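Residue-level listing of the chains:
Protein chains: 2
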Amino acid sequence: MGEFELIARHFTRAAPAGSAVVLGVGDDCALLQPTPGHQLAISSDMLVEGRHFFAGADPEALGHKALAVNLSDLAAMGARPLGFTLALALPSADEAWLAPFARGLFALADAHACPLVGGDTTRGPLTISLTVFGELLPGRALRRDAARAGDELWVSGRTGEARLALALRRGEPWARGELAEVQARMDRPTPRLALGQALAATDGVRAALDVSDGLLGDLGHILKASRVGAEIETAALPVAPALLALDERHRLECLLAGGDDYELLFTADVSAHADVLTAGERAGLAVTRIGRLTTAPGLRLLDARGREQRLSERGFDHFAN
Amino acid sequence: MGEFELIARHFTRAAPAGSAVVLGVGDDCALLQPTPGHQLAISSDMLVEGRHFFAGADPEALGHKALAVNLSDLAAMGARPLGFTLALALPSADEAWLAPFARGLFALADAHACPLVGGDTTRGPLTISLTVFGELLPGRALRRDAARAGDELWVSGRTGEARLALALRRGEPWARGELAEVQARMDRPTPRLALGQALAATDGVRAALDVSDGLLGDLGHILKASRVGAEIETAALPVAPALLALDERHRLECLLAGGDDYELLFTADVSAHADVLTAGERAGLAVTRIGRLTTAPGLRLLDARGREQRLSERGFDHFAN
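Note that the protein sequences, when read in sequence, are chains V and L. Numbering-wise, the first sequence is residues 0 to 320 according to numbering that gives the first Met the number 0. Numbering-wise, the second sequence is residues 0 to 320 according to numbering that gives the first Met the number 0.
Check each hint, because a few of them may be wrong.
[As the list claims (entries may be wrong)] Derived lysine to aspartate or glutamate pairs resembling DMTMM-like cross-links, with alpha carbons at most 20 Å apart: (1) K223(L) <-> D144(L); (2) K223(L) <-> E280(V); (3) K223(V) <-> E280(V); (4) K223(V) <-> E4(L).
Simulated from the structure, these hints should not be mistaken for laboratory data. Bear in mind that the values here come from a model prediction, so they are computed numbers and not experimental data.
Next up, chain V with everything else stripped away, as it sits in the complex (with noise of 0.2 Å):
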């Protein structure tokens, strides 16, 4: 048994109970068993060394991040996860990065309840690709091209400190505060798997997306996909007090333009507003009306007293991660 096949044998562990696997990893395949009449709803992410993540980057961090941003494409879908495979590259067989590796993913796989199913290890520059798969009942999937002008535009949580973390890991010198404080933002992303399942079963929520390029930017994938336009309220954004220390401009960027935060944006018609909030509660996530979705196409920041505030698009470009 070579080097790598031991290696496997660290992502080699039993379903847990009640879970949707009928078989493991071992066979040719792993075998689930989804829940009768459940649509199935999958995403891959490939993270490459020197791209995705730094050289030398915290390996238990990894794992965790990993994992969590093809959860939070599930929770943007509305989905259950059931379970994920898991290819990886590796220079050599080093156990000192595998076993934080393998415990950063395992501590947010059982968080979820989402069993390792399969995969693959082999020897290659590092490279780690994940496939998730979740369920859904037909119909329910929060798609992007489900939004209607008028709907009420929502974000949960908090935006901006992923940016901020990176701003002071980096030295930008706008950035202001300690990295400890919105380190964890960056390197260990919460999936929103509780709200993204209340949000779909709650009538009147239409689409949604999960906030990893930048909120304006993630939003024009919804207006694009649904061809309407969207007001956003800058003075509605919820602001995290870490980002109160920045001047405003750079506030606003962290808030509309940063990447990385893994919140869900979606929208929902103005009927549904008392159950938007109902759900938040349920998930235990706060959720913020930002804005609304209009006719005219485009996109327009409005400030406190409802008067346009003109933002270069090339600034936010170049603000992105």
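Following the hints, position chain L against chain V.
Leaving out everything else, chain L in the frame of chain V:
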């Protein structure tokens, strides 16, 4: 839009009519609707340049093979393909590589009604990571742990040609014949999907896997998982014409230890003998009884007179790809 997002568009095609795809590439997740009452079968493989394929390998053959080896895992379980995801890291957005790669990939995907439903494309060392999804009826999966002593041992098609092709390409001194005659067995393996599904529907068929590492080595996985032994009648092994020019020792090594054939190796109750032959006919593929499973552990090779043949295990290890 970056060059890799443009590249990702090469892989965005409408799902074929009648497929399980509810929502394809472009949202947070793909959505699939499996057939009611079915289980999911899932398999992942990662192929790294320089390890799983030569630098400079024909990209069209690579596109075929990357999907073929995953579909072969579905075949070995008896599952019907539903779709697959592709995560691809590329050193550069090279159209001259991508176009033939996509052509080889989609030709096989179309042949088996297995649409691409999602994935990821990024810059990085050339790495191909696929996850395939299939479905089957509960209790019908051909698991490695399901073999029983007394079962007949069967193989589909013929083994050894892929190993001969490798030897001819490498110029190994014992190899005889024309590379062109056997090259497709190495570069463009055929996943035995129709046979796998026919076998899964046949009562009395028990364990199966696909021959990727060599018949003896792969059979060892069934013996271990099912806690049985086996006898192989070497005179019963189907021999491709291309192997007839080899000396007896190397012919036997190709047949028993050559990898990359992706034939199905399976066991079935003696009472299912005629039904197994019928399943092969329905799938348009020869199936051959090559031995039987035994209560006594271990693996024995018997010659045409029923005498045990002693073959060095070490020799086979060295012969393996």
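Contradicted hints - numbers only: Result: hints 2, 3 break, sorted rising.
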